[in-house]
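A.B. asks: Here the protein sequences come in this chain order: A and B. What the first sequence shows, in the numbering used here, is residues 5 to 673, in sequence order. What the second sequence shows, in the numbering used here, is residues 5 to 673, in sequence order.
None of these hints come from the bench; they were simulated from the model. Please note that a few of the clues may not be correct.
In this list, chains with the same sequence are indistinguishable; a pair is considered to hold if it fits within one copy or across any two.
As the list claims (entries may be wrong) - Computed list of lysine to aspartate or glutamate pairs in EDC-like fashion (alpha-carbon distance at most 20 angstroms, straight line):
id, residue 1, residue 2
1, LYS641, GLU88
2, LYS142, GLU305
3, LYS465, GLU386
4, LYS168, GLU397
5, LYS585, GLU145
6, LYS622, ASP98
Chain by chain, the residues run as shown.
2 protein chains.
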Amino acid sequence: MQLGLSVSDSDVSSFTPLVVLELADDTKAEAITWLLNRIRDKQQNGGAELLVNQLLFPAQDDQKPNPNVFVVGSTLQRLLNGAEDVGLFKEFQDGTMRGFTYANRESFKDFNGDGEGFLSDAECQYIIKHELDTLRAKNEEHVPGYPKLKLYPGKSVVRRLQSKGVLIQYFPLHNKEDLKRLSFSWYKKFKLSLQPLDDIRHYFGEGLALYFGFLEYFTFALVPMALIGIPYYLFDWEDYDKYVLFAVFNLVWSTVFLEVWKRCSATLAYGWGTLSRKKAFEEPRAGFHGALGFNPVTGREEPVYPSSKRQLRIYLVSVPFVLLCLYLSFYVMMVYFDMEFWAINIYNENPDIATSILLFVPSIIYAVVIEIMNLLYRFAAEFLTDWENHRLESSFQNHLVLKVLVFNFVNCFASLFYIAFVMQDMVLLRQSLATLLITSQILNQVMEAFLPYWLQRRRNKKVHKRMRRLMGDKELPLLGQVQLETEMNTYLGTFDDYLEQFLLFGYVSLFSCVYPLAAVLVVLNNITEVYSDAFKMCHVFKRPFSEPAMNIGVWQLAFETMSIIAVVTNCALIGLSPQVKAYFPESDTQLILIVVAIEHVLLAFKFILAFVIPDVPKHIQVNLAKLEFDSLEALKKRKHMLQSAQADLIMRGKNSFPQKTKDMFGIKY
Amino acid sequence: MQLGLSVSDSDVSSFTPLVVLELADDTKAEAITWLLNRIRDKQQNGGAELLVNQLLFPAQDDQKPNPNVFVVGSTLQRLLNGAEDVGLFKEFQDGTMRGFTYANRESFKDFNGDGEGFLSDAECQYIIKHELDTLRAKNEEHVPGYPKLKLYPGKSVVRRLQSKGVLIQYFPLHNKEDLKRLSFSWYKKFKLSLQPLDDIRHYFGEGLALYFGFLEYFTFALVPMALIGIPYYLFDWEDYDKYVLFAVFNLVWSTVFLEVWKRCSATLAYGWGTLSRKKAFEEPRAGFHGALGFNPVTGREEPVYPSSKRQLRIYLVSVPFVLLCLYLSFYVMMVYFDMEFWAINIYNENPDIATSILLFVPSIIYAVVIEIMNLLYRFAAEFLTDWENHRLESSFQNHLVLKVLVFNFVNCFASLFYIAFVMQDMVLLRQSLATLLITSQILNQVMEAFLPYWLQRRRNKKVHKRMRRLMGDKELPLLGQVQLETEMNTYLGTFDDYLEQFLLFGYVSLFSCVYPLAAVLVVLNNITEVYSDAFKMCHVFKRPFSEPAMNIGVWQLAFETMSIIAVVTNCALIGLSPQVKAYFPESDTQLILIVVAIEHVLLAFKFILAFVIPDVPKHIQVNLAKLEFDSLEALKKRKHMLQSAQADLIMRGKNSFPQKTKDMFGIKY
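Starting from the given sequences, assemble the full structure and let the hints guide the process.
C.D. replies: Next up, the structure:
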């Protein structure tokens, strides 16, 4: 709760600043006054009851500072009440996780005195974000000073300001001391150890901590595969026949891997109190627009966009566009094969060192082109999905993920499938896979580690220069920090990080039997990935708002789909191997039938396994059941007490229980 | 609520009797007194607060009547409170379904005056059953008079008495007038019309109504298939090549069929108020036993049976037993094939009418043997599953269903798979399928329609004789009815009925392309099935307690698994058809690869379809979301009221809100 920076700035803000709010520098004064009043107003008047102060930056010679930057904080009491509003789960005295209520605060573990230090920084910031987001218009018809910025009762004020560009951004502030401690235990010490997931969750929230948990789990799960892969690679380099055993291992591994992860994820989420937390009612996205109508669920007036129109946009524009992109991707692939043949021909005509290096050039070019195409497509997909005008953020995300996944899958793996099953050239497959994997890893590392490091150094210099100039008149670390963080890039969520892991998982689970070093390369990549991701979270991007997550969401489904494709692919690769073919010298038919039969059995086994292994470990199931049982018992007890109280009053001959009190408490009996 | 029989028996019971309770005729008097007291005792003393009266049957010359038969009823007020306890959902004023609360009773549709007629008979009986089941031991160490019948605080009294044979049975009484009306609209009129599902649900509860809904839906879904099947059968009798089109149709049909049913089922369950109803905390089964320990969830003392012991019993006894039975089933199948060849040989040597009839004899014998084996196995499976000592009824049911399904599937379909894919003899397949289907249908109709009808006639005569004898001294329709219904068989649930439909679905979806008349036969069977099932529910069995059900449960999964197997089977049958083979004259390999590829695409398509089609129709989703939103809003409102009330009190300078009142109402703030 105690931000290190608040000490010396008592003249700037009288409270611990948690969130920064930046309005456009030409915002009208009446709008600002109105917004600040609404934020400060009491809850019973529909306000957010938060503390807010303006930050005034001293003018600098090179640029005029934005005058409309504010810091938001809160009293402890308000935060604890807010924790109940957002449905936070915390550890109870008996070790189970329970929904926090202000009334029972004393029964929660780690609640001492007035509750100082009970909520983590990230939780406080999340609560403030929630309170700001649910600050709703009352009877205002429009934002004061902006007749065109229409409002209607119940509309989120912040979303409206944001969608119209009046509110540029709002983001949580870093806590320098905590950050220092976290980054030390996370990536600054050079001994091998597990990541401090609980600290990451404390500082960045559950969504990000789950990503790093998954990254770690995935990397560890790859280690046995990498260990088996090294001898395979070293001793069987030219013996393409021996990969049957590896394919079988691959197949079992990819199935078990995801089932066990579900349980790990449930354990983590339970410990972090997000497993049984109820989802809040989802608000429309900031960018959602439509004619004013009535929401069938809430009955409130809000923009409505007919779902038929959205379907038309999806099926008449988005789907054809995606198909066109897939066609383009296939076209590029065929060009790559032409280049490949051309290089092979040159090598065959004149085999020397120069031409043998030339052999790898088409693959490298192709890998780079793939990365560029993925990047470009990503922008197009975001634009299209935004244009589809989804009402909810979750629906937007699902459509975006689907679009991007399909394209990336085809773009990255189509050439490998083509080589494996149409050309049936295992040497070329091995070579292509290696080149693709290594090139894309190098590109990723540059984009994710070196580029950020370089940007960071550049920014550091700039800030030092500025700080030196400011030092002249006054010491204002808060102003400096806010200015620095305002200019940092915004972290756009775990999407790209998961996508990268998804593609790596694809390379390993689909084709590593022909190139056993794949697992080794991915392990190496992921170790540096942890460091570069940690670094970028701590120093390159603005601190993101904590995102409560109970699992890795749609990515679990994506990885499971990939593991099903992996079963089919590995079975097919086994069927193609000369080793297996040798057993059926006279007829291909029998071989194919047996491979297909085995594949079906494996798929059935996989589904049964997924069905039989409980997604949540036993002891957590018991805890969850206990929670539910307790709440049922409490409900029953309360009802009985009400009944006996009522009976008592009737017995005394006067059913005079004051009606007003009953109404006031909303008691029903 | 008004049972037709209560009018003339005012001397026997002063209330409407709803449930009959039969104790063993040698039950000790003190146990009876104790039990009746507990049933009649007030709720705040831990009683059930129900009305109960003894029925005294006049002695008859041929047998001594059981003196320990009781009828249980309840006051209206108690039933309405009980409706809240069991979490009944009823239609609200605004047309949505909401959890009934006594406080809000006036806001529910059809609630007039004191609530007479608001609850259906079946609901009242279900509430009484629930109250009896949750009648718990207090400090009694054992049942009075039975030192060996141990009790512990919280143990369900009725379950303990039942498991030790003191309580023979308890069952709801039929309502003669309602039954007459229901049976007339259901099966006594001979015009084609939909079943009165709402009336069935009113009288028998949601579980049974869903079964009849499914039966009707399945039959209707089969009609297009039957309509296509008839011309196929008539014009292509000897042309086995033409079944490709039919197989493709089959494949699409079996996928769409189940997806649409999910939506129908959700619509029915929503209208009946069971879709969003929360499951009550499940009690241990009556037969569950173990050493006394502590339940980790409730913390109560209760029998505990280590799950490792159960696993041992399952894997060391049950699984080998099932495998042995499967082996036996295969053995019987091979014997059948021997018989089949023997019959064919005789026919070939001397082809005349007698030997051509002989051709069908092995199939008929095999069909009869299959039915007998299924029946025997059913008993063994029930015994074994009981011996596995599952704690919960749901877990018991799941293990039983799994055991029975696997065996029945293999027993019924193994020979057909063998003929289709090992022998590849489509003529024999068609003949076997027809014989199996027709024989098992005839057997089923005899067992389900003619046998009950005959039993019913026999019982009617007996009752008339007895009634005539009783008529002599007094008119006691209640006594007569209770005596008659006590002797009726108990309906053991929808298990066998669903199982029969499951196997019929298998015949149709797996193999109907080679015998297109299968769908026609199943439609005909199901039409008579509706009548015989309706008749048996109304007149052959005791009225069952209503069973709230939100879907067809584990059977949905069973049917879906069957439809996946159907895709694979139909693809394989297509691959085997001479028509398709003709396209690939030179190589089988290419044909197989294409068939496998198509099969994979179809399976993928099936999963995507299941994922894309929402299980709950849009308008019901909106209603459910509305409900959730309203309860969230109510909670928020209540919290704010509490807060402002508190603030109010603090303002007045005296936080004197009486602590006792707060505790009494369990209010938390």
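A.B. asks: Next step is simple, just say for each hint if it's right about the structure.
C.D. replies: To see whether the hints hold, each was checked on the structure:
1. LYS641 with GLU88: between (23 angstroms within a copy, 14 angstroms between copies)
2. LYS142 with GLU305: For LYS142 and GLU305, the Cα distance is within 20 angstroms only inside one copy (12 angstroms; across copies 54 angstroms).
3. LYS465 with GLU386: neither (34 angstroms within a copy, 78 angstroms between copies)
4. LYS168 with GLU397: within (18 angstroms within a copy, 58 angstroms between copies)
5. LYS585 with GLU145: Classified as neither: same-chain Cα gap 76 angstroms, cross-chain 73 angstroms, threshold 20 angstroms.
6. LYS622 with ASP98: Intra 18 angstroms, inter 42 angstroms, cutoff 20 angstroms: intra-copy only.
Going down the numbered hints, you'll see the structure goes against 3 and 5, while the others check out.
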